[in-house]
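Each chain is listed here by its residues.
Protein chains: 2
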Amino acid sequence: MTTPLHEAHPSSPGRRLPDTQQGMRRRNLARVMHTVNAEGPLSRAAVASRIGLTRAAVSTLVDELIRSGLLEELGPERPGRVGRPGSSLAVSGRGPAGIGAEIGVDHLAVCAVDLRGTVRARVVRHGTNRGRPPQPVLAELTALVAQVVAEAEREGLWPAGLAVAVPGLVARDTRTVVRAPNLDWHEVDLGALLPADLPPTVDNEANFGSLAELWLGDDTPLDFLHVSAEIGIGGAVVVDGRLLRGTRGFAGELGHVPVHPEGPECACGGRGCLEQYAGEEAVLRAAGLTPGENRVEVLAERAAQGDKEVHRALRDAGTALGIALTGAVNLLDPQAVVLGGALAALAPWLLPSLELELARRSAGRACVVSVSRLGPEGPLLGAAHSVVRAVLDDPAAVAGRT
Amino acid sequence: MTTPLHEAHPSSPGRRLPDTQQGMRRRNLARVMHTVNAEGPLSRAAVASRIGLTRAAVSTLVDELIRSGLLEELGPERPGRVGRPGSSLAVSGRGPAGIGAEIGVDHLAVCAVDLRGTVRARVVRHGTNRGRPPQPVLAELTALVAQVVAEAEREGLWPAGLAVAVPGLVARDTRTVVRAPNLDWHEVDLGALLPADLPPTVDNEANFGSLAELWLGDDTPLDFLHVSAEIGIGGAVVVDGRLLRGTRGFAGELGHVPVHPEGPECACGGRGCLEQYAGEEAVLRAAGLTPGENRVEVLAERAAQGDKEVHRALRDAGTALGIALTGAVNLLDPQAVVLGGALAALAPWLLPSLELELARRSAGRACVVSVSRLGPEGPLLGAAHSVVRAVLDDPAAVAGRT
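Keeping their order, the protein sequence lines are chains A and B. UniProt numbering puts the first residue of the first sequence at 1, with every later residue one more than the last. UniProt numbering puts the first residue of the second sequence at 1, with every later residue one more than the last.
By construction, these hints were calculated from the structure, which means they are not laboratory data. Some hints here could point you the wrong way.
To give an idea of the chain B side of the interface with chain A (calculated C-beta under 10 Å), a few residues [said to hold, decoys possible]:
(1) PRO41
(2) GLY235
(3) GLY252
(4) HIS256
(5) PRO261
(6) ILE323
(7) VAL329
(8) PRO348
(9) LEU351
(10) PRO352
(11) LEU356
(12) ARG361
Which bits of chain A does chain B cover? Going by a derived footprint, with three or more residues having C-beta under 8 Å, they are [unchecked claim]:
(13) 105 to 117
(14) 140 to 151
(15) 242 to 252
(16) 258 to 267
Cβ coordinates follow ideal geometry from the N, Cα and C atoms, glycine included.
Next comes chain A alone, as it looks inside the complex (with noise of 0.2 Å):
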């Protein structure tokens, strides 16, 4: 699958290479590509000087990456530096790019990253999904996908991979949606619905969001908890810089933490859990309004009017969340909480109440909470760049190819 390369440190001929000299070339190639990722432009020499490898070494690897279409040449540097003129080196602008895709209760979304980050085409498309069944709004998404695709090969890209963000459960071989209630979608096999040639990986809305939050957000920490709502209320716990999936996939599940035993039924089997406080149809209920398209628009518009029955519903909303996440708190000692999605817009009516929650049940022991930047923007975004992470994580994988 790779192209052959000569070794950092050749062995004798003939003699059989233990396993970690091919997992220690991998490894050198994805320090490179991390280390111009993230202070290039550099040259050569530079690079070899930050991840201590000889320069004929890193020249190898960066020969290879370069031929791969992954980094690229920038021309000489700046004059006015110590020593020989080098060329600087840069993550292409024209290689592997990530799609990402979303599935939406109320639209579907598809982009393309490039390798280094910028959204290089999208698409959306409105209207809702609810209660459809997978195989139309699959070939619907197949048709986005494809135009996205084909604009960014008109820019040079070739697609490295495909990622789907899905309100739901999804099992831990990345492909069969196992339960999204708000779709009424159960066991399907996403990977069969979707083109063959660029196999999806897919994942909870969530969990792409609190990596969106990660690698894109500003100061967010190695260990933080996510909660996102759209109809219902997401979460995705993310220690040391990885998400923590569980055993079956479903870890994050904060919408059914039980907050009131003996509260209304939840569609979970369930009473009193967090989604009935919080999800976005409790808060229109509460709220006395009716469910609809648009409900967070007009949540925060009324909300922005002063009205007193929506202030009140986000006010317990806080509250409920509050009582969760005193819980999750407690069980992961996170860094911070991010509110993402939906929750973003609304923040400024349910921090008061939730932060008062968290702090009064915790005794100064509280994290902090704080509000995404991406919004409802993440799962698209994290789904794309989950893409492009892997290329940069192993670009072995994808060199040679071109």
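Given chain A, put chain B in place with the hints provided.
Relative to chain A, chain B alone:
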């Protein structure tokens, strides 16, 4: 600190070794130790074939481990095997030992465990530590440690490290007890109160208990939630075989998850925490009994005699545990919940209501609840074994000491 070794893959003389070569040697030493530990006695050739290195490379690593007292040769293999007889290797029973200590509310305990996992010395002193200041307790513990170390040394072992389990929150510096409410200790630096020649690693008792389950339990999965009780309710989260510590080291505090948000006040500052319903003292009060020593024995004895009040109190405690665990299972999606510590002895009367509550709230998604075989021995064994595992994981760190 370590004896120089020939590299398995020599580089040209004078060339600066990259960090990864040294790291590879350390990893290979660990692979040899773990292989012999898991499958020994084994010949050098068998070790080489299992870890995919040459026999010569393995012999160099093995010689170093024998010189350091970590492996020993058992003499020639049994006849009847194919090929030239080789000497059989086993993990040493006369090398380093892990010293584990436990500060309980009602006892102190210390033990020494050799690299084979055998307890070689053990001492327990009963008597309450509640309200005693840290200094005299630590002085007493230091004397017990000296007694166990002397006993281990008489058997040819030497202490590779000391790990101390405490019933409270421990900072990530692994020496400061931030808060141990049932001892009434706050911000105590145990590192400064224990002998400097054997610097301790201090951790929460539920954390060490969970590691004991992981390493010594029957078929314990790699993802589980450990729940234990002494006076408080402790918890620990293990993900992919690693303890989830949290930002400040406080993760796993299941005892302070809100169960009934407007319930009785808790010492933590919250209301209606799990500990108010399922802690030992709460259960004793609910059963109309006066808390004293031997609380668990009293409850287990009366429950076995058919005491209806005790049955009811334990059933209600099980229900509260089920509510708190529903939240935890939704957040973490573990493969199992393991009840340890005092809860293990009371499991026959807690489990039915606990499992019922978890099942009715989780609609078929509930996870297995199992009962620890180690029970109250878990934290002490986990502490001692954590030292042993550290030696197996990085033998180079102790090699060359003898």
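Results of checking the hints against the structure:
1. PRO41: B:PRO41 check fails; min Cβ-Cβ to chain A is 24 Å, beyond 10 Å.
2. GLY235: holds, 7 Å
3. GLY252: holds, 7 Å
4. HIS256: holds, 5 Å
5. PRO261: holds, 5 Å
6. ILE323: holds, 5 Å
7. VAL329: holds, 9 Å
8. PRO348: Status violated, d = 24 Å.
9. LEU351: violated, 19 Å
10. PRO352: Hint on B:PRO352: violated, closest Cβ of chain A at ~18 Å, above 10 Å.
11. LEU356: Violated. Min distance 13 Å.
12. ARG361: With a minimum Cβ separation of about 4 Å from chain A (threshold 10 Å), the hint on B:ARG361 holds.
13. 105 to 117: violated (count 0)
14. 140 to 151: Check failed, 0 qualifying residues.
15. 242 to 252: It holds: at least three residues are needed, and the segment 242 to 252 of chain A offers 9 whose Cβ sits within less than 8 Å of chain B.
16. 258 to 267: holds (count 4)
Going through the hint list in order, the structure does not satisfy hints 1, 8, 9, 10, 11, 13, 14.
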